Amino acid sequence: MTAAAVTLIVCFLVLTLVCVKPVGLYMANVFDGRPIWALRTGAPLEHWIYRLCGVDIRREMSWQQYTIGLLVFNLIGALAVYALQRLQVWLPLNPQKFAALTPDSAFNTAVSFATNTNWQGYSGESAMSYLTQMLGLAVQNFLSAASGIVVAIALIRGLARHSADTIGNVWVDLTRSTVYVLVPLALVLAIALVSQGVIQNFSAYKDVSMAEALTYQQPKTDAAGNPLRDAAGHPVQETLTTHAQTLPMGPIASQESIKELGTNGGGFLNANSAHPYENPTALSNLLEMLAILIIPAALTYTFGRMVGDTRQGWAVYAAMTILFVSMVSIACYNEQRGNPLIARLGVDQAASPLQPGGNMEGKEARFGIAASALFATVTTSTSCGAVNSAHDSYTPLGGFVPLFNMQLGEVVYGGVGTGLYSMLIFAIVGVFIAGLMIGRTPEYLGKKIEAFEMKMSSIAILVMPFIVLVGTAAAVSMSAGQGAVGNPQAHGFSEILYAFTSASNNNGSAFGGLSPNTLFYNSALGLCMWLGRFWPIVAVLAVAGSLAAKKRIPVSDGTMPTHGVTFVILLIGTVLLVGALTFVPALALGPIVEHLMLWARA
Amino acid sequence: MDVIFILALLVLYAATHCLVVALARLGEPE
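Chains as they are written, first to last, in the working numbering: chain A, 1 to 602; chain B, 1 to 30.
Think of the hints as simulated: they come from the structure by calculation, not from any bench.
Predicted model, so just to flag it, every value in this text is computed and none were measured.
Please note: incorrect hints may appear among the correct ones.
Covered stretches of chain A, as calculated for chain B (at least 3 residues, CB under 8 Å) [said to hold, decoys possible]: (1) 67–81; (2) 103–112; (3) 452–458; (4) 537–551.
The beta-carbon is built from N, C-alpha and C at its ideal position, and this holds for glycine as well.
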């Protein structure tokens, strides 16, 4: 790695660390309902929302009521997004007169945005009206992020309370996380992004003449959108020439800010954060990366604060940071190392003051290798899925990092809420394993971990690998799955594995190369997104309810400390073992074999 | 087709609702 890369990563980690305590403390105060300035100021709005919706804020909920409320809320969100897409041609704010999306694409996108996945089978600037983008997609960016946060808060309450039948009120938690956390942060970030050049308007698209004609190649597709192939199985390319360019417009900054803060990731434009209208400068890139991590990282402090021992939160934060640094180092090193086949042609791939060196394919020149690899790690270790470079063009081991980050369950800071609750489930499994080793009843934060918690934790952890592996196996076995793959051999397998991993983990980033806007992929990935989001949530909230009902055991000599180095190592080991052992066979068929084939030819 | 995909959303919700009920029963004391 270059010195510039190390400096960028260290500065980024320090900036994140600086934000953890103030933001985490603020969120703890919000969800504990303490009389802070923000809650006093927002009280009229908050109580107006409750009156409008008929919410009784004094009514606490059991875990079942809390879960059903959350599920109904997200179902209504998905139905609304579906309706908007199908009706957009008759609705206002559609200057380009975009037609309604196909039913399967609308289904996929509705599930995608209601589940915080934001997988995009469509191209935003050529399919979605401004109304659909704002009222459908951006609103879901807020609400799905709030849904993730409230599950984490409910689990924290389960750990913090004792002998309680309830875990909070889902409507109050959803309202507070939206009104006091997401909206203010998104507003500040949107203004900061506009200052960097991110656009915000309702203008129709602008056609401009180019100074010189541009000739380019693109894969030829059939009527269903699948790439056509020649007799050897390679994609057929068509050569096109253009003299004009259409510049997309739209309310991008407002959607960009919540896209990052809510770890949603669905871009207004198809190129996502690689497009200069979404991410124009190095500073906007840094702000966007920081925005992705700020809430997931700060929630660890919120956790420590709400359970009455901030050391617990710092231990979880430390485990996440160690994993993060390891992953970003692998990505940066391999991208800077470059492609050996290109080096064999005599191309200089060493970094120098005149060039970034390494593998620059698929990366924006204004970001370079380190800022691209760091962004890729940030976006896939959380459940964001925004991209500022083409993950498909990374070296095999560079591309392995985003894939493996997601397969770990996105617990390295993770998505807003999802990262913390998934990591706490791993902590429960970790103390259970430690309890087995030392022959004591496992306990976490004074709560006995018994059969029910372990069954629920197992469900929460195993749902994702099950649907990823079954989905990938089904896709590679069926012609409908194979037909959308743009590259042959191991890389093509990686593209399918990446798609199912991304959908099932509610990440939403794409490896590229795959043309997934087909009936098969829209339906299959839609199913994976729903199951990968809500089935673990049900199990996590069941754990929350069960833990809240338990008595707290006082700390004794036999209690395993869960704020020390030993616990951090145990937690990292549990995450790695579960993630690695589940996915190593699939990874061996994809990026690992591709790496070996590449370097064998060097 | 719209009916099929709206029904698919409702079926996904119903399946998840059933999971809540099943896990709640699993957690009840015997």
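The hints, checked one at a time:
1. 67–81: holds (count 7)
2. 103–112: holds (count 6)
3. 452–458: holds (count 3)
4. 537–551: holds (count 5)
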